[in-house]
Each structure stands twice: as structure tokens, then as C-alpha cells.
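Visitor: Chain by chain, the residues run as shown.
Number of protein chains: 6
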Amino acid sequence: HRPDPLPPDPQVHQWIEPLDENRVKNLDWSEVDVTLLGVPLSRSSISASGASENPDALRRAWKGFATYNLEEEVDLTSLKVVDLGDVRQHVTDIPTCHRNITEAMEAMRKHHPQTLPLTMGGDHSITAMLVKGWKKAHPEEQIGLLQLDTHFDLRSLEDFGPANGTPIRNLIESGTIRGEDVCNIGPHGFFNARTLKEYAIETGVRYITLKEARKEGVDHAVREALEVLSDRVDTLYLTVDMDVLDIGFAPGAPAATPGGMRTDELFEAVRIAGTHSRVKAMDLVCLDPLRDVREATVKAGVHVMLSFLTGLVQRKS
Amino acid sequence: HRPDPLPPDPQVHQWIEPLDENRVKNLDWSEVDVTLLGVPLSRSSISASGASENPDALRRAWKGFATYNLEEEVDLTSLKVVDLGDVRQHVTDIPTCHRNITEAMEAMRKHHPQTLPLTMGGDHSITAMLVKGWKKAHPEEQIGLLQLDTHFDLRSLEDFGPANGTPIRNLIESGTIRGEDVCNIGPHGFFNARTLKEYAIETGVRYITLKEARKEGVDHAVREALEVLSDRVDTLYLTVDMDVLDIGFAPGAPAATPGGMRTDELFEAVRIAGTHSRVKAMDLVCLDPLRDVREATVKAGVHVMLSFLTGLVQRKS
Amino acid sequence: HRPDPLPPDPQVHQWIEPLDENRVKNLDWSEVDVTLLGVPLSRSSISASGASENPDALRRAWKGFATYNLEEEVDLTSLKVVDLGDVRQHVTDIPTCHRNITEAMEAMRKHHPQTLPLTMGGDHSITAMLVKGWKKAHPEEQIGLLQLDTHFDLRSLEDFGPANGTPIRNLIESGTIRGEDVCNIGPHGFFNARTLKEYAIETGVRYITLKEARKEGVDHAVREALEVLSDRVDTLYLTVDMDVLDIGFAPGAPAATPGGMRTDELFEAVRIAGTHSRVKAMDLVCLDPLRDVREATVKAGVHVMLSFLTGLVQRKS
Amino acid sequence: HRPDPLPPDPQVHQWIEPLDENRVKNLDWSEVDVTLLGVPLSRSSISASGASENPDALRRAWKGFATYNLEEEVDLTSLKVVDLGDVRQHVTDIPTCHRNITEAMEAMRKHHPQTLPLTMGGDHSITAMLVKGWKKAHPEEQIGLLQLDTHFDLRSLEDFGPANGTPIRNLIESGTIRGEDVCNIGPHGFFNARTLKEYAIETGVRYITLKEARKEGVDHAVREALEVLSDRVDTLYLTVDMDVLDIGFAPGAPAATPGGMRTDELFEAVRIAGTHSRVKAMDLVCLDPLRDVREATVKAGVHVMLSFLTGLVQRKS
Amino acid sequence: HRPDPLPPDPQVHQWIEPLDENRVKNLDWSEVDVTLLGVPLSRSSISASGASENPDALRRAWKGFATYNLEEEVDLTSLKVVDLGDVRQHVTDIPTCHRNITEAMEAMRKHHPQTLPLTMGGDHSITAMLVKGWKKAHPEEQIGLLQLDTHFDLRSLEDFGPANGTPIRNLIESGTIRGEDVCNIGPHGFFNARTLKEYAIETGVRYITLKEARKEGVDHAVREALEVLSDRVDTLYLTVDMDVLDIGFAPGAPAATPGGMRTDELFEAVRIAGTHSRVKAMDLVCLDPLRDVREATVKAGVHVMLSFLTGLVQRKS
Amino acid sequence: HRPDPLPPDPQVHQWIEPLDENRVKNLDWSEVDVTLLGVPLSRSSISASGASENPDALRRAWKGFATYNLEEEVDLTSLKVVDLGDVRQHVTDIPTCHRNITEAMEAMRKHHPQTLPLTMGGDHSITAMLVKGWKKAHPEEQIGLLQLDTHFDLRSLEDFGPANGTPIRNLIESGTIRGEDVCNIGPHGFFNARTLKEYAIETGVRYITLKEARKEGVDHAVREALEVLSDRVDTLYLTVDMDVLDIGFAPGAPAATPGGMRTDELFEAVRIAGTHSRVKAMDLVCLDPLRDVREATVKAGVHVMLSFLTGLVQRKS
Ligand SMILES: [Ca+2]
Ligand SMILES: [Ca+2]
Ligand SMILES: [Ca+2]
Ligand SMILES: [Ca+2]
Ligand SMILES: [Ca+2]
Ligand SMILES: [Ca+2]
Ligand SMILES: [Ca+2]
Ligand SMILES: [Ca+2]
Ligand SMILES: [Ca+2]
Ligand SMILES: [Ca+2]
Ligand SMILES: [Ca+2]
Ligand SMILES: [Ca+2]
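Protein chains in written order, with our numbering: chain U, 1 to 317; chain S, 1 to 317; chain L, 1 to 317; chain Y, 1 to 317; chain R, 1 to 317; chain Z, 1 to 317.
Watch out, some of these pointers could steer you wrong.
If chains are identical, the list can't say which one is meant, so a pair holds when it fits in one copy or spans any two.
Stated by the list, open to error - Each computed EDC-like pair below joins lysine to aspartate or glutamate, with the alpha-carbon atoms no more than 16 Å apart:
#1 Lys215 / Glu227
#2 Lys211 / Glu71
#3 Lys197 / Glu71
#4 Lys280 / Glu227
Calculated from the structure, these hints are not laboratory results.
My request is simple: use the sequences and hints to build the entire structure.
Guide: Encoded structure:
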């Protein structure tokens, strides 16, 4: 359903359509399957981060990817994907940045609810803003979260404000979502305080540690989480914190640790999430291209996005 | 005038006294010559920066420096220097961060006005906050600025807020200082818009480009600037943006450029400033240890601080 | 069967014999098991590559390897391995480079057919030239290819010429081999266009994606491929593109991707290939030491070669 | 049993107590569970190494770790851990360095035998010195070694002296331990000469190659080794050479190789060792922070230590 | 003379106009002052080079530069500069690549002779092709060369073909230019064979070593060379090999050496060349962004281009 | 006077003759001008260093240098230079290492006194051993030292032993040389304790700080030092500590600092020393290739050696 003929063997940048002034006029929104949105914000990160550079880094790197997933025999070009560019950010006014993000999601949901929004962060603070935007557009919906993360992101809002350590707590305490509608797959090691785990227990936040998930496979854990959550909510929001990956695979995720997830586990996890009809939005956060090594993490980030879209094609067929 | 005997050949970390709880009780403030203050803030930087890591990086690196300046035959141990630690920062509330910085300077000036404050940034936004703190403590004083920088830092406050591109304009527009009491030595190349230069002309901000300064030497330019400014003001505040250095010497200053200052020129410039009786405060900003190479920039940062203190010893003798 | 006594615990460089002028005169070729050949050519690579530096990088790195494989209890010194040095390359005349490579293989096969040639590339374009050289020496033979690669290497010869994206198509279209006599183990992800997959299907090129191969193990896939191909051909040529490895393990393979093979899988794969009597030649390509990290990829390259030779010892015993 | 109240969510550096002059006076040694000791020695390493920087690198890096192990639901703060600082080393007198290490262990065992010593090396030569120190304090004990290493460390003392290639042989030939009381899990590839393997066989040194260990899992191999060894000895000493890890996970272990252990395998291995009552000491060696990439190896080193302590908590409960 | 209003403080990418399909139709060529052309070719380089990535790297990096030269008080926006994109290259057919380059220059000179072509290489082989293109368009002109290079580039065409070591000899032996009409400023050290110097003497090629040039300043040497050459030729072509720079300033120029030119010397040299009316074309070659450090060399490359254009503005006013 | 014909344009590795077994038999020592000796020792360095890798790094890097110095119009091939290989080192016995070094120098001086020894270190401890070897061979000579160094190297032998911080003191206290016969050009900054400067004054050690030397030029300072010292001694030994260079030019010299010497200053300094008839030996120390960036420091090291030999050719003609 794309007017301009694609080359026979398109690369991703030839397929994804940036929405410049000319195109926006002629766009038939009813044909758009997915909208990409960049959020170049990382000044709300607890530790110094260049995740603000990530949206453009992903855009550059996806020139090296084909639209064809050989293992799944899926051609992504059956989807129409539009890149809306970046949400406008302010240099020193973080509340304005966050408000812009919420408004961007709300506007997208109100005007083009048939499209699936895929957001390229930025630090994890943005997830709270994006989900709030969704909730504003769909106040009647129960929203659940499938989180792939090394961390709970349940730290105290009083201490940190809306930072990258607090988005899940932010969503729970603001009443946007319920704790039991969150499932985090991947926490491991010594990177979450005991009180945060206790908070998770109290508020019903579900989690499956990486060690636990690997007993039957991360893919299996994802399928189970999808089943449990999808019974409880109208919309599942998938949030991928790239620091869930092992530091050997993701040197460019500032908080990545040894003992984390492998890229092949993560790609399969998001592909499976993509196949599920309740999963209606996704984001990818905490990838800092400035400290990447040989672009390994940025390439992994693109692969995560394309794996999710592979699942989406499979869902639709 | 230091009670505890130093080892015969102290390294800098053996000489500078961190102000922990025990020491603060017994401290005779009248003996303190210089107070060091860390400001681990870089979320107000226009581009992503890890300058928040700089205060600790300087503290680690100065273990590799002796207190003795061989070329000047100056022993820094004749100064009593106290490290007050870091100003408390907030993760997502930049105005609070800035308020804390201003209050820290104001408090230091009010309670211990005989000491010279030397601040380790952080991004350049902090200079506006520090000078405002000085002004609050000494509202009657005319304050001048000797700036060593590749950039004017005169960008629009409306567009950026109190970021690292706006501190000088911030100080002028808030009435804290007068444009003519600023002199920037080192701007060069294609890194300042024409309208900013026009703003400099309009507001009387003085500057000497690097090319101009090198005609008779950067040292000569500094001496002239000190002479001109010291006739006009009560207090001269020295602010050193590490990106004034050439990128070959300062890979860890995010905005450093080719064609910038050499380290030997900078060290001599700050030493000369240190000798002048009107220079009563100093800061060092925009050094990001996360992108340094072989610690070259962090070591240069320590050297800048020690060169200034060398001048201070020479001033006192 | 080696005249000079080796030290009791030889390192690889003490065992492999470089063929200088003195040695070549006295060499008893009937005793030589394996000949190594460097091909320092990477100007035929689609993207910029320093794979031309690889042969010398391997030679330097193997000084850090013992000749004894502890896990297999195999001592490689039972093989006589001669390093013939590099095929002469031209700076700007790629056809001459390629002709020299073909002639080198043809000459080796004609004069010393009892030795197994192991070639250290260079980019993957050289495989087409090497197999053509074999075919010239043995026009009556059916030759098959066991390829370990992320990519099909079936891109259009009209568009690219004899580049590193086209060697397999080059061999098929030139009638050197049949599509059905190729098996590629390891393609994965979004790195092969759909039309290339269709070309593979049309020409009968076999492939096992990494995901598929891992169901019963890469080792199992290799055994099956060897069985299938060895029934069909006289000679099996093993070609290892180092970009089959995950980018976390092979940062120095320019086209390595996230989600690729692990080194332990690759080492076992080539060892198994080495044990099979039909596998009569091997090459290793697309390793760029200039972008390696801590020599991880170069060390993996040496390990691949030695793993193959381990299999060869096991084959002979 | 710690007097000062810890913060509710302590990081590791808030929990581990450095033993400065003030604290040592008031310390109730009967409450100390574990003593940490740094050994900043790497001039006894065969190849150039900065492992002398490791103790301080670990201390800096553990600020980024919580005390809570989420997967095991273990809070390390139930242990009292004291950091004794570094053993004094000499710049050019290696025998003095080694003597100091032996004496440090002997003194610890004599004066505070109820604490478990955990040593942060340094190169692997120190293990011989530490175990000798133990033996001096407990001459009646049989001591066994559980070694996780790519290498046997059985090279000739005549050729190398007490270097990082010889500690196990040193212990055997000095009569400190018996060969059969050593078990090395993890040797692999081409990194051990055949004569060393023969020496291992002759002296009864046990080993399980990585390939062998992975058949039923590294965790299973560790449990078996613990069972076998614990029947034979009074004390088991765990020594972890970080080069047992794959070079992709441990770029900062100078002798790490492709095809090595994964971090998750190693963390589980040491945790299991920590649970066993006969394991009474541990060291961690051959980690060179100067060549690390994104601190991956240093972080893995901290994780190894904390994983062992997790096992220790589990042992005690 | 630019139709679309520029923002008040344009960055370079807002000012330089990429010539896409829409713009080319409406372009008034008579208003174009400078045409930029990328030549992404480096497979003709003697040693492995990623200079093919340079044109795009320059385009990305110039987003960080203002159009205003503060030291010269020159605003580049008075020039209309059009970026024509890249000359089409072939993967394996170097003669075709070279032919395309020559034809591109010839076509530009024939159709738009009033514009000044500025070419972004690629390796130095392209200079021979570009000057030949000029000669084809203007067969009656005498062309001279002002070369800034560590090397003569006079190596044997028989041995190397049209590589990056031979362009000047290529131009002389093909009769395109005369040896005496070449002046190379910057050769130094041990990087030119004696026979090449003898060839330079025989053919009259002029050169000023860096040591010689620095006696009165590189700027002075450039002025003298311009004077001498401009009396002899109709057109002066400026070719800047980035390896003329010291390796400390230009880590991304593969053949840069210690003891080379400083960036400030080079910027002033090309600015002066830009002011001279006979200088009618320029190229910049041998910059490999893949091995750059902190983009220092790419930024220096942009600075070189903008310094030349600064001179061009000064020439016109 | 070299029997084998060199190629017309030799690179350094084609000219320098490694002394293997075959060549040593036929060597006419009376024709040898210079003997190169590697000393791969850095375990006597105060801080961790890979300077032991330097001799081989220099040998690899000099393949990229021609034998012709264009600026001086000197062809090094008029010298016969023999590379004797490396002095045998022990892994854990530093006194044996040092003894071997002294014996190597003594033997060279006794058997081949007409050749000039040029030693490639290793850390600076070796200079004490080399000069002692010279003294043993020539007990009647007064030996002087021209040192190019950031540091005095006068630290206490009691504290450090024969380390890289003590060689000059070692030579003075052992009576091998007199303090007044040493001149160090280049100390600067905060890298020498005051007591060491006092020791220098007491023992008469001469030094010229970099700031002082630059007043009339480093070249001028070298000429003066040569004049003063040569009147006092029979033999001048030149020792070049690569950390005299600025860290921007010598990232691979572990103790290099900001504000150090430029490479062009150093090259000219050693060339001038090479022209002086009293300078009869040279060494180059403290270059760690493991932490180099783009081989800048190793290339500078080769350039230093060749600059000295350029002076030697000039001396002889
Ligand atoms: Ca996280
Ligand atoms: Ca998170
Ligand atoms: Ca600045
Ligand atoms: Ca600034
Ligand atoms: Ca491939
Ligand atoms: Ca391939
Ligand atoms: Ca080991
Ligand atoms: Ca070991
Ligand atoms: Ca050149
Ligand atoms: Ca050139
Ligand atoms: Ca030194
Ligand atoms: Ca020294």
C-alpha cells in the first residue's frame, strides 16, 4: 500500500518514510501501520548519558539493515512505517521536555489511533510520559507494561523526580497503571536495592529474574507474561531498556552489567511481543551511542526495533 | 600554617584537605587560603556531557601531581587549601541545582570571605550561578570576568534558559555584571554566530581572538586584559572553559575544536591571572572525563588549577 | 616427520615453517600436510576494509598459541605445515590481483596436490578466485562449498563485479560449482535481501539459518551438511567468513552483527569440518585487524585455523 | 551486627568497612566475617600487566553495586566485611613483595582465624604466597585448591621463578599442597603446552576442560569438584583467574581468550563454591583495569566477589 | 543572493544547499559560487583506508560549525555553495571510478565554468583525475598545483598505477602539468625516498620542507609559492592531503606522522590560498574517519574547507 | 660499505641488519657504525608499564620509514647499523635482568668499541645499568649524561631500588658519574618534588626547564648543554625518556604530561646531539606501545632514533 515503488532489495532507510513537509500533506494516515518518534532527552538520566543522541544514531545505523528477516521469512515492507522525527526538547527545562512527550503521544493516539507508536529514547524517564499520554487519550483503558530491564525503575519520586530510575513507580503512584499490570523480565545481579524489591512485592509488580527466565527460556517467560497480562489489560506497552543486555553485547548502554541478557534472547523476546495483539506500543531507551564500541549496541537497538516489527507482520498475517 | 606535618615530598592529595566531619570542627578558617568546591552538574549542557564526573576525576588525577612547580620554583604547600566536597545536585530539577550553587557561593563569601573559592564544574551554566552568589554576598561590588573560552556564551536565554551557552548573557541581562567588564581571550574559528558577535559589540563585551592574542603572545594578552579590567572592577572572576584548548590537547572537552589554544599557553595564562590581586575567584568547566583519551584533559585540568595556585603563591610573596 | 627438533612445548610460530629461500630448496614436499597462503587483498570489499592486514596479524597473534589442543588432546605438531607467504597483489589493478590468486591455487594443486591449502584472506572475493584455481587444476572434479557466513554472497555480478558480496554467485554463474553443492550455515537477521534468498532457492543453494542450526546445535548442522554435500561432490571447500560471529565476539569483522554465532560454536564447527575426508581446502576471510578490540577477533581467527587443523589430525588418526 | 546504621538501600561501598586507624581500635574482630586484602603486584607477571591497579579499580567500581542479590534474595549486609587495604609492595624487590603477602595471610590466620580472607590481586603469583601463608598458620591442615582458570599454571619454576605461570607448581613442589588436591575447571583451547598436561597427569592435578564441564553445566562440575576435594582436605582455597572468561566478556584480563567461560557461568560457579563449608579463602587475580573496555571486566570482578559472598550468606543460613 | 531566507545564525548545513531533484530544476547556476563534490573512493590507496567514508563524515560534522569566521570577521553566507553529492563509484572497477571523476570535473567546467569546484576525497589518486578533467575542459590552460602534503606523491606509475602515491607524477608524465608548476609545502621527516627527491629535482617540482617553511612561517611560504606559481600558470589547483598534519592533530589521516604541520598553520595556509585569484579549484584528501579519535581530524577537515572559503570571500570583497 | 645491494629506495627495515646466526659469522665488525639493542624490561617501573613491548614495536613501526631525511638531505644508508636483538630478561629476578644489561654493554664496548650503541628500552632503570656497563669497559673515562626528561630520576634508592625513578641518583651514588656531568633538558610542571630539586642542586646536577629552554629554543639549549658537558667528560651518553613529550603527542608514554615538549623540538634536539663527537651512546626509554593511540608514540620513537642517526651521518661528513 505504499505509493512510490521501493527498490527490489530495499534497505531500511529506503523503506521507512521520514515525514517531511511535502509528504505530510499527501499522507493517507489510514495506511500507516507504525509511527516512529525520536525523543532526544537524556538530561533526566541519573548518571551522565548521551542517550539523547540515540534516535539519530539508530536512523544512521538502519541503513545497514535489509527489510527482510531471513530466519522468519518476513518482509517488513508489508508495513507502512512513518518516521515523525523528534519531539522538541528544551535545554534546561525538563518539565517542558516531559510535557512535550506526553502531548506527542496523546496527539498521536487521538488523531491516528490506528497506528502503532514506536518511540526511540532517550532515557527511561520518557516511558512514564509516553504512557501518561496514552492514558490521556484513552482514559478508559487499563494499560499494562511488559518491561525488559535490569532494573525495577521503582526508585523514590521524592528523591529523584521523574528520572530514568523512577518511571514505573511514577506510573503506579500517579494511578496511570496498577502494579500488578507490570511484568519486568530480566532483572538480575546486584543492581536493585532490597527495598525496591519489597516495594515491587507490595504493589504487586511482577518480575522474572534472568536466572528464573532462563530455566525454560526467555522466550517462554515472555509468552507467559503476555498471557497473564493480556487477560488483565486493554493495552500492553512494551518498554525495552537496552541495559537489560550483557555489557559484552551492549557496551553502549551505560548501565549494562555483566551477567545480562544475550542479544539473541532479546531479539526473540521482542519478536514474540510483537506478535501479540494486545501489544500496542513500544519504546527503546537508555542507549548511549557516545560510549558504544564498534556500533554494537546501536546495531542491536535497530535489530530490536526490526524484530518487534517482524512480530507485527506475523501478527497481521 | 598547617597543623599536621606533611610528608617531605607531598603529592597534591596529601596536601589538599578534604573537609570531613571531624576536620570541620577543628578548622581555623582564618588560615584557609583557598576553598575548592565541586559542582557535578552537566544536565544543563546543550549537548550531552559527562562534565558532572569532572570534580571526582580531578580529585583522582591530582594524586599524580607534586605540590612543587619546578619552573616557577614555587611550593604550593605554603597555601592552605580545603576541599569542601560537592554542591548537592538534583536529578531532574535544574533550578534547584542552580539555586544550591548560588547559595553555596553566597554562604562561602559571607562566612569565610578571606578565602578564595575555586570551583570545579560542571558545565558552564554554573558560572552564572556562582557569580550571582558572589554578588548576593557583595552587592556593592563591581564584578568583572576574565573568560578563557572558544565561545562567547552569549546565546539567547529565551531559547536555552540557563545552559552552558548562556552564562555571560545571563549575568549581563540580570544586571549582575556589565558587558564591558567581561574579557574573553581565545575565541576562534567558526564556533560563534555573527549575531552573538554583534551582541558582544553592542553590550561592550571585550574579546581577543586567539589569532590576535598570539601576535604578542597569549600571556601578553592576559596581562593587558587584567590591567584594563582591574581598573574597572572590584573583583575579577576567572572562568576557564576547557574547550578553549585545541582538540588535540583536550579530547575530553566536548566542544574543543581544532585550532585552539595549547596547554602551555593556557597554563601560563591562568598562572598570570593568579598573580593579580583583583582575581578573587576561579572556576574550571566543561571537562568531560568520560570521553577523555589517556586522561590528557583531566591532567590538563589539574594543571590549570595548580598553575592558578602557583600564581596565587607568587601574588602573596 | 619434521627434520629440525622442535622445542618440547612449541608455540605455533615455532612449529609452522615459513618458506624462505633456504628452506624451499631442501623441502621434501611429500611430507607437507598443509600449506598456508596469505592473500592481503581488501580493495575488492564493498565497504572499506583493512582485511589486507589480516595475514600478518594472524602470523603475529599465533605466537600466543600452543600447538596442543587440551580439550581434544591433539598435538598439531604431527602435521607439517608450511607458510608460503603472501600472494603478490597490485595497488590499483584488481583483475591482476585476482588472477594471481587463481594462479597460486592452480600451481599449488598441480605441483603439490597432496597438501591441503589453507588461505588467510583478504576479503571474501578471493574465495571465487581460489575455487576457480582449484577447478583449473582439477577440471574433472565436482567441487562443493561449506560456507559459514552471515551473508549469502549472492549479490549481482553486474552491479558489483568480483567483490566480497558476490563470490558464491560468481562460482555458480561461471559454472565452477552448482548451487546445490553449496551449504551456508549461519545466515541470520536482516542482512540478506529477499531477492537473494529467492536466488538461492532458484539455484538450489542450501542454507541453514543460525536459529535453525541452533535447534539441534551448530555442530549437528555441520555434520548434516557434510553428509549431504559429500555424497554429491569430490572436494569440499570450507570457507569461513568471520562476520558469521556475533559482533560482541568479533568486533574486528566489519560486517559482524548482533545475534551472530558464538566463538565456541564456530570453533567446533570448523573442527568437525576438519575431520571429514572430503574437506580438502579452507579459507578464512573478512577479518579487519585495524578495527579489532584487544585482538579478540584476530585471536578468534587463529583459533579457527587451529581448530580446523585439530580436526585434520583427528581425521588422519 | 554492625554498630553504625546502614542506609536502607546501601551500595557496596557503604557496607564494606575500610579499616582506617580510628576503626581498627574499636573493631570487635569476633564479629568480622570476611577480610578483604588488596595485593597490588603485577611485576611478577610473565607478560606486561596492570593488574596492580585492580584492587583500587574494584573498590571504585563496587560503588555501582547494591548489596542485594535479587536472584538469590540474599542481602549481603548480614555479613560484616572489612577492607584491610593493600599489602605493602616494593618497586624492584619481588621476593620482598612475595614475603609480605605470605606474612599478611599468616598474620590474619593467626590473629583472626574466624574470618574468611578474600584477596584482590594482583597477578596469579600471589596465590602461591597466600596459600603458603595459610599453611604456615595451619601446618597441620591439608589444603586443596579449586581453580577457575584457562591455564594450568604449572610452568617450570626454574625457568620463570614465582611468576603468574607457576603458582600451582610452586605449591606442589614446595610440598604445600598435593597435586591430587587441586581441581582446575575451565582450561580450554590451545593455551596449555602438552608437557604441562603431562605434568598434571603425573602429579595427579585434576582438571575439567570447559567443553567437558559444559556437558552437564559448569555449575554441576563445580559441585562435583567440591565433593571430591572436600573429602580429601581440611581447607579449600578458591582461586579465580579472570582470564578463564571469554575475551568478549573480559577484555581486561590480559590472557583471556576466545572460547572461554561466560560471566553467568562464572558467577554461578563461585556462588556455589561460596556455599560450601570447606571453602575458607578466595582470591581473584589477573584483572588489568588499564586495558579494560567500558569497565566490563572490573564490573565482572566485583560481581565475582559478591557472588561468592552470596554463597557465603547462604552457607551460614 | 539566496532565495530562501536563512536563519539569522545559520550553521553550515543550513547554508550549503544539497542539490536534490527539486532544487536542480530551479537553480540559477549563474549565482553559484562554489560546487562541492564528494568522491568516496579509497580502494586505490596503497595502504588500507576508509577515506571513502570522508565525504559523508564531513557533511555530518559541518553541522557543528557556524558560517561566521570570528577571527577574520567573514560571513560565508555571502557565498552560494551547492553540494552536488558524490561521484558514482564502482566496487571493483577502479578505472571506471577514475573515469567518472574526470568526467565529473570536465562536465562541471564545461557547463558551469563560473563556479569554483571543491572536492572532498577519497584518496589522493583522485587529484590526478580531477586535474585531467579540468585540462580536458580547458586544454589551452597551463595548470599549476599548490600541494600541502607530507609526501611528494611522485612514486612510479609502473609499480603502483594511479594510486594515492602517484598523482603528481601521473599529471607530469601525462603532460597535463609541468613539474615546475607544482609546489609542495610541508614534506618532512623520513617519508620520501631519495630517488623521489631526485625525480622532483629532475622534473623541476618545487617543494618547501616544513622545517624550511617554518623559518619565516608557513603563511609566508604559501604567499611566496602563490606568487611564483601564479606568474607561470593560468589556473592554480590547491590540493590538501590531510596527512600533512601532525599525527597528534590528525589521528584520522592514515599516513600522518609525528613532526607534521599544526592545524592553525594549515588553516591559515589554505585561507591565504583562498584569497588568491588564480586559485580556482581545491580538493581535500586522505582523511579516514574510521580511525579518527573524537572526530578531531574530520573537524579539522571541515575547518580546512571553511578556511579556504573564508579566503574566497576575502578575495571577492 | 655494505656488501648486499640495497634496493634503490630502502625502507628502514631493509637497511638495518638483524644479526642472526648466519650473519654473525661473516660480519666484519670494523664496518659496523651502530649497534641496536633491545631491552624488553619494564617490571622495574614504578607504575605499571608495557615498555617491555617497545623494542618489537619500534622494529615493526620502522618498516613505515624511509632511510632518507628530506629536510637534512641525509641518507642513513651511509651508516652500517646492526640490530643485535634483545638482552635476555628474567620473569621474576630483576637483579639478573639488570646484570644482563650491564654485561651486554660491557661486552659490546670491549669487543666492538668502534661501534655506537643505541638501546631501545624498557623503562628508565636500564640507563643506570647501561652506563655502569660502559664504565666497566672504560673505567678511566669520565662519563656525562644528556637527559631529555620530564623528571629528574633522582628518587631515593633506599625507597625504590633500581627503578625507573632512580637511575641518575643510582649513577651518582655509585660513583659512576658526577652530578655536575648530568644535564637534563625538559623538566616542567608539577612532576618533581622539591626535595629532588634540592638534591639536584646539592649534587650539581644541571637542568634546564622546558620554559627556560624555550626562551631561545630547545635546540639552543641542547647546543649549550653539549658545549658545557663536553668540556668536562670523555663520553656523553644521551638518554631520551619519551615522557618528556606532551601527552597530546605521546599518549603511549605512561608518564607524559600536558605542557611537555613537542615532537619537532625533540627530533631536532636529538639530531643536534647526534652531530656532536662526544656523544657516544644513546637510549630511548619509557614508551609503552600497549597504551599508544594510532601508534603516534611508537612512530615518534622511531623518528627520535632516526633523527639521532641523521646527526651521526652529519657528524661523520
Ligand atoms: Ca535499566
Ligand atoms: Ca530502566
Ligand atoms: Ca566553550
Ligand atoms: Ca563556555
Ligand atoms: Ca559475510
Ligand atoms: Ca561473505
Ligand atoms: Ca590464566
Ligand atoms: Ca592463572
Ligand atoms: Ca600524503
Ligand atoms: Ca598525497
Ligand atoms: Ca620521565
Ligand atoms: Ca626518566
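Visitor: Just pull the numbers of the violated hints for me, sorted ascending.
Guide: Number 1 only.
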